[in-house]
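Number of protein chains: 2
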Amino acid sequence: MKKLINDPKNVVDESVAGFALAHADLVTLSTEPLFIARSDAPVSGKVGLVSGGGSGHEPLHAGFVGFGMLDAAVPGPVFTSPTPDPIIAATQAVDGGSGVLHIVKNYTGDVLNFETAADLAEAEGITVRTVIVDDDVAVKDSLYTAGRRGVAGTVLVEKIAGAAAERGDSLDEVATVAEKVVAQVRSMGVALTPSVVPHAGEPSFTLADDEIEIGIGIHGEPGRAKISLEPADQIVDRLLEPILEDLPFESGDDVLLFVNGMGGTPQIELYILYRRAAEVLAERGITVTRSLVGNYVTALEMQGASLTVLKLDDELTTLWDAPVQTAALRWGR
Amino acid sequence: MKKLINDPKNVVDESVAGFALAHADLVTLSTEPLFIARSDAPVSGKVGLVSGGGSGHEPLHAGFVGFGMLDAAVPGPVFTSPTPDPIIAATQAVDGGSGVLHIVKNYTGDVLNFETAADLAEAEGITVRTVIVDDDVAVKDSLYTAGRRGVAGTVLVEKIAGAAAERGDSLDEVATVAEKVVAQVRSMGVALTPSVVPHAGEPSFTLADDEIEIGIGIHGEPGRAKISLEPADQIVDRLLEPILEDLPFESGDDVLLFVNGMGGTPQIELYILYRRAAEVLAERGITVTRSLVGNYVTALEMQGASLTVLKLDDELTTLWDAPVQTAALRWGR
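Protein chains in written order, with this note's numbering: chain P, 1 to 333; chain Z, 1 to 333.
Simulated from the structure, these hints should not be mistaken for lab results.
Keep in mind that a hint or two might mislead.
Stated by the list, open to error - Distance condition first, Cα-Cα at most 27 Å in a straight line; then the derived DSS-like pairs of lysine-lysine:
#: 1; chain 1: Z; residue 1: 180; chain 2: Z; residue 2: 2
#: 2; chain 1: P; residue 1: 2; chain 2: P; residue 2: 226
#: 3; chain 1: P; residue 1: 2; chain 2: P; residue 2: 140
#: 4; chain 1: Z; residue 1: 226; chain 2: P; residue 2: 2
#: 5; chain 1: P; residue 1: 180; chain 2: P; residue 2: 226
#: 6; chain 1: Z; residue 1: 311; chain 2: P; residue 2: 226
#: 7; chain 1: Z; residue 1: 140; chain 2: Z; residue 2: 180
#: 8; chain 1: P; residue 1: 2; chain 2: Z; residue 2: 2
#: 9; chain 1: Z; residue 1: 311; chain 2: Z; residue 2: 140
Quick caveat, the model's predicted, so the values are computed rather than measured.
Taking the hints into account, I'd like the entire structure generated from these sequences.
Here is the structure:
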């Protein structure tokens, strides 16, 4: 295991501390319990947005804390859900009196811990709504999940719901638009190499020198199949077909196309994937009106990528375009 | 070699095509010869900024084309300088009548080809000034370089010079501020793994399982020493000490601290490096007033990182903060 870390048990604490130092203009750090909040939280009268989950997926979620997106992010240990305590504390810290939305990727641990936290926060008088993201079309159930996994589509939910909250929508309205994004977004990924959880020190799964895994999860959970390495264009076709069939996406649709890197794949490759995906969509009469390319939902140093397609309408496009000011996504302000 | 590519000989063309598709709101693509330009180029009356170099360092340089930064980027083959032809074409395409600044990383091929292009552009009546970036303190001469190599500091030169051009500075003024950044910026990097040039198919150098290379170049050129893997904090100390001694940076200085990922290192590790670097600077009485953390100047899928420190003053800080709208760096607009 070769990593730029100190003691494996301090990876998350030290990384989050570095993040808070680097972005002190945007966020504040709470260490006990551990969460990152917008530096101006709570914003009076605004719905608060909280997300979180196991670490190792950076910039998700702390990188999306700031104006127009999340109010707080709760990082758990690497690939392990945070406990209810920090989720409750983050929920309290960002409640501006209009309630709090929890955005939760569909993993059993996250769902349970956020549910417990929501119950306890409600008991203290904070109205909480929860949206579960389950955009991964690869497999029905998985190693850590009942139902579909929540993956890169989460970024789009956080951005769009964050914009709705920022413009003053009510908790019900913000939850409704978040649910709409969940209903209209689909993803699927591929791994070329496994990742190594620091305290484990060994790869979480193995792939032969010429092997890739189609439909991989962001913790290395098994996907649909291990196959021989293929040209990038064929891999794109393998990922995009199940995505498009699932909703289904149809000729005439406007979409956001998101090519996400898993952490160890360089940008030069991500744009090769983007090129083919855009080509396939064009052939089908689907218009890419917005795009996102980069490492946004990662699996430590895994080499690989995922494709995400979101069906847009005027409302979602307007909210996507709205100003955002976070460490990892920033425009218009 | 496991990569998300098609035919190795098409890597650059396909990736640049994908980039232009994904960012059609910001840039336009010229294919023969190959360069990326701001979609509104030439901007009448504004000094044009052109940079370029071998591909494989993405988002450098195309990711920095747009309002407030570069007017054009000229990508060569992977790790190989572009020829003068596309540099001349890009220079012509962005000349708004106030001259063009070439920003060149100090590699022999780049320096020669940009020099030839500048001479030919001058012969056609375009005034060209050139700034050579040589921020890498690791080694005096290197595999492809006489003098110091130009590495991650290039991003800071491009951002700050771009802001000067955008506010209407003359060619001499833009060149002067770019030279000032070069004079005040220092970098050094480390590699944990080599990268593989697609058409070569083999790693450009080798490192044992417990070995890292201190002072690595962004093409895998030899650095100062191969040593055993150490805790991240010690590695930071090894990189930062030569940087700080060189200028030297002194107590009372305000600086921008830039932790750059080499492509295959995840963000969770970059922030661990940031934390220690910020700590060391604080101990020395040096104040970090601006920061940048991420994969900005990469070496394909190399695992590793570099540290860059830029001494700031009011002028450089104002220009750093000025609005920028590019694929890889965007704020304030």
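Hints, verified against the model:
1. A distance of roughly 41 Å separates the Cα atoms of residue 180 of chain Z and residue 2 of chain Z; the hinted pair therefore is violated under the 27 Å criterion.
2. Restraint check for residue 2 of chain P and residue 226 of chain P: satisfied, since their Cα atoms lie roughly 25 Å apart, inside the 27 Å limit.
3. For the suggested pair residue 2 of chain P and residue 140 of chain P, the alpha carbons sit about 34 Å apart, so the restraint of at most 27 Å is broken.
4. Proposed proximity of residue 226 of chain Z and residue 2 of chain P is supported: the alpha carbons are some 14 Å apart, at most 27 Å.
5. Between the alpha carbons of residue 180 of chain P and residue 226 of chain P the distance comes to roughly 33 Å, so the proposed pair goes past 27 Å and is violated.
6. Among the hinted pairs, residue 311 of chain Z with residue 226 of chain P is inconsistent with the structure: their alpha-carbon atoms are about 50 Å apart, more than 27 Å.
7. The suggested pairing of residue 140 of chain Z with residue 180 of chain Z holds, with an alpha-carbon distance near 20 Å, which does not exceed 27 Å.
8. Only pairs whose Cα atoms come within 27 Å are accepted, and residue 2 of chain P paired with residue 2 of chain Z is accepted, the gap being roughly 19 Å.
9. At roughly 21 Å between alpha-carbon atoms, residue 311 of chain Z and residue 140 of chain Z fall within 27 Å of each other, so this suggested pair holds.
Hint compliance for this structure: hints 1, 3, 5, 6 are broken, all remaining hints hold.
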